[in-house]
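**Q** Here is what each chain is made of, one letter per residue.
Number of protein chains: 2
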Amino acid sequence: MAHKDKRVQVILEELASSSATPGGGSAAALAGAMGAGLVGMVCRLTIGRKRFAAVEDELRGVLNEAEALRLRLTNLADADTQAFDQVMAAYRLPKETQTEQAARQTAIQSALQGATQVPLETARACGTVVKLAAKVIENINPNALSDAGAAALLAEAGLKGAQLNVAINLADIHDPIFIQETQEDLRIILSGTDQEKERVFAYVLEHV
Amino acid sequence: MAHKDKRVQVILEELASSSATPGGGSAAALAGAMGAGLVGMVCRLTIGRKRFAAVEDELRGVLNEAEALRLRLTNLADADTQAFDQVMAAYRLPKETQTEQAARQTAIQSALQGATQVPLETARACGTVVKLAAKVIENINPNALSDAGAAALLAEAGLKGAQLNVAINLADIHDPIFIQETQEDLRIILSGTDQEKERVFAYVLEHV
Numbered sequence: 009m010a011h012k013d014k015r016v017q018v019i020l021e022e023l024a025s026s027s028a029t030p031g032g033g034s035a036a037a038l039a040g041a042m043g044a045g046l047v048g049m050v051c052r053l054t055i056g057r058k059r060f061a062a063v064e065d066e067l068r069g070v071l072n073e074a075e076a077l078r079l080r081l082t083n084l085a086d087a088d089t090q091a092f093d094q095v096m097a098a099y100r101l102p103k104e105t106q107t108e109q110a111a112r113q114t115a116i117q118s119a120l121q122g123a124t125q126v127p128l129e130t131a132r133a134c135g136t137v138v139k140l141a142a143k144v145i146e147n148i149n150p151n152a153l154s155d156a157g158a159a160a161l162l163a164e165a166g167l168k169g170a171q172l173n174v175a176i177n178l179a180d181i182h183d184p185i186f187i188q189e190t191q192e193d194l195r196i197i198l199s200g201t202d203q204e205k206e207r208v209f210a211y212v213l214e215h216v
Numbered sequence: 009m010a011h012k013d014k015r016v017q018v019i020l021e022e023l024a025s026s027s028a029t030p031g032g033g034s035a036a037a038l039a040g041a042m043g044a045g046l047v048g049m050v051c052r053l054t055i056g057r058k059r060f061a062a063v064e065d066e067l068r069g070v071l072n073e074a075e076a077l078r079l080r081l082t083n084l085a086d087a088d089t090q091a092f093d094q095v096m097a098a099y100r101l102p103k104e105t106q107t108e109q110a111a112r113q114t115a116i117q118s119a120l121q122g123a124t125q126v127p128l129e130t131a132r133a134c135g136t137v138v139k140l141a142a143k144v145i146e147n148i149n150p151n152a153l154s155d156a157g158a159a160a161l162l163a164e165a166g167l168k169g170a171q172l173n174v175a176i177n178l179a180d181i182h183d184p185i186f187i188q189e190t191q192e193d194l195r196i197i198l199s200g201t202d203q204e205k206e207r208v209f210a211y212v213l214e215h216v
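Quick note, the sequences are listed as chains A and B, same order.
For the first sequence, this note's numbering gives the first residue as 9, with consecutive numbering after it.
For the second sequence, this note's numbering gives the first residue as 9, with consecutive numbering after it.
A couple of the hints might just be wrong.
Note that the list lumps identical chains together, so a pair holds whenever it fits in one copy or between two copies.
Claimed, not checked - The calculated EDC-like cross-link candidates involving lysine to aspartate or glutamate, where the alpha carbons are at most 20 Å apart (straight line), are:
| id | residue 1 | residue 2 |
| --- | --- | --- |
| 1 | Lys58 | Glu206 |
| 2 | Lys14 | Asp93 |
| 3 | Lys103 | Asp65 |
| 4 | Lys139 | Glu75 |
| 5 | Lys103 | Asp93 |
| 6 | Lys12 | Asp86 |
| 7 | Lys139 | Glu204 |
| 8 | Lys14 | Asp86 |
| 9 | Lys143 | Glu204 |
| 10 | Lys12 | Glu22 |
| 11 | Lys58 | Glu146 |
The hints are simulated quantities; they were obtained by calculation from the structure and are not laboratory data.
What you are looking at is a predicted structure, and each value in this text was computed from that prediction instead of being measured.
Take these sequences, add in the hints, and give me the full structure.
**A** Written as structure tokens, this is what we have:
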């Protein structure tokens with residue numbers, strides 16, 4: 009069953025269980041999905057109010073983007089579990105003969121690349137959620153300020169959590185070009201998001 | 009229906025909807041609950057391994073505490089929604105006569121105190137989750153390092169998200185003693201947790 013179809017209590021129990029999946033990668037994606045959801049709520053609580061008529065078009069654009077990111081991150085929570093399950097399955101392949109050993113190594117490397125690309129996409133989507141929260145923070149219904157702040161905080165935590173999952177899988181990957189490209193992608197995704205999150209957090213504390 | 013009994017997709021849709029609840033406070037509690045769950049998983053993936061026999065008793069203690077915090081934070085997600093619904097109900101009370109106005113003000117202040125205490129408890133529980141992750145980080149199954157890191161990140165984001173919800177409700181509270189006590193509680197809860205989270209994060213990046 010997809011994580012999104014499970015009851016909240018069940019997914020929390022599964023995170024806590026001794027099974028390696030779902031783990032930090034899926035939790036990071038779900039934190040990002042909650043952040044995206046909150047950005048959507050903040051937009052909806054602002055759109056239609058006279059005071060914010062001048063930014064309504066911008067908020068509608070942010071709302072659409074946030075909703076797409078919420079769905080994307082919800083699906084990435086499942087993709088993360090599946091990708092890591094494939095890594096574990098590859099490690100369990102037979103390794104008696106040289107042929108088996110070579111096939112197993114190829115399968116492990118391929119699965120590890122998949123299990124790196126999924127949290128990289130989670131990091132990318134979470135980073136965009138942080139930027140959306142930062143984009144709207146000065147032009148929203150003041151009653152929703154703490155929700156916009158929570159959105160930035162949860163999405164930033166999802167980004168950093170995904171970063172750790174990229175790092176732990178990348179450590180076992182041999183292809184130097186894949187490693188270099190992934191690190192470069194991650195560097196771009198991380199660039200400025202922590203400062204954006206801090207700016208949102210400080211703005212909320214100053215204006216509540 | 010309690011949030012914990014809803015499907016993941018449904019709670020995410022509710023966060024994104026134009027209804028003010030569930031909002032950032034409930035999302036913060038759920039992020040903390042995911043963090044607590046991950047601390048539990050990390051302990052379970054380590055307990056029973058010969059290499060970590062010396063710390064097994066400590067890990068069992070952390071596991072029990074993490075599991076209690078996971079349940080507590082799951083319930084706080086619901087309590088946050090209920091507490092904020094009461095605030096909105098108090099604001100909707102009649103205010104025609106002076107008697108009604110006085111009763112409404114009393115109800116608003118009482119509801120606001122409730123809606124402040126719930127995220128304060130969320131912050132406290134999240135802070136403890138961060139500390140548990142920091143306590144075990146050097147003595148866990150290395151395969152679970154990124155999960156322990158994600159746990160600290162999500163719980164710290166839950167703590168800061170809850171802090172913003174304390175702040176936004178505290179801004180409308182009149183009782184100076186309640187304000188002072190809450191700020192002092194929050195100061196103690198926040199003390200050192202950001203550094204603990206950073207230490208866990210750096211440790212994971214260095215050791216994967």
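**Q** It remains to establish, for every hint, whether it holds in the given structure.
**A** The hints, checked one at a time:
| no. | hint | result |
| --- | --- | --- |
| 1 | Lys58 to Glu206 | neither (29 Å within a copy, 42 Å between copies) |
| 2 | Lys14 to Asp93 | within (18 Å within a copy, 26 Å between copies) |
| 3 | Lys103 to Asp65 | neither (59 Å within a copy, 36 Å between copies) |
| 4 | Lys139 to Glu75 | within (14 Å within a copy, 34 Å between copies) |
| 5 | Lys103 to Asp93 | within (19 Å within a copy, 59 Å between copies) |
| 6 | Lys12 to Asp86 | both (8 Å within a copy, 19 Å between copies) |
| 7 | Lys139 to Glu204 | within (7 Å within a copy, 26 Å between copies) |
| 8 | Lys14 to Asp86 | both (11 Å within a copy, 18 Å between copies) |
| 9 | Lys143 to Glu204 | within (9 Å within a copy, 29 Å between copies) |
| 10 | Lys12 to Glu22 | both (13 Å within a copy, 13 Å between copies) |
| 11 | Lys58 to Glu146 | within (16 Å within a copy, 54 Å between copies) |
This entry does not satisfy hints 1 and 3, going by the numbered hints stated previously.
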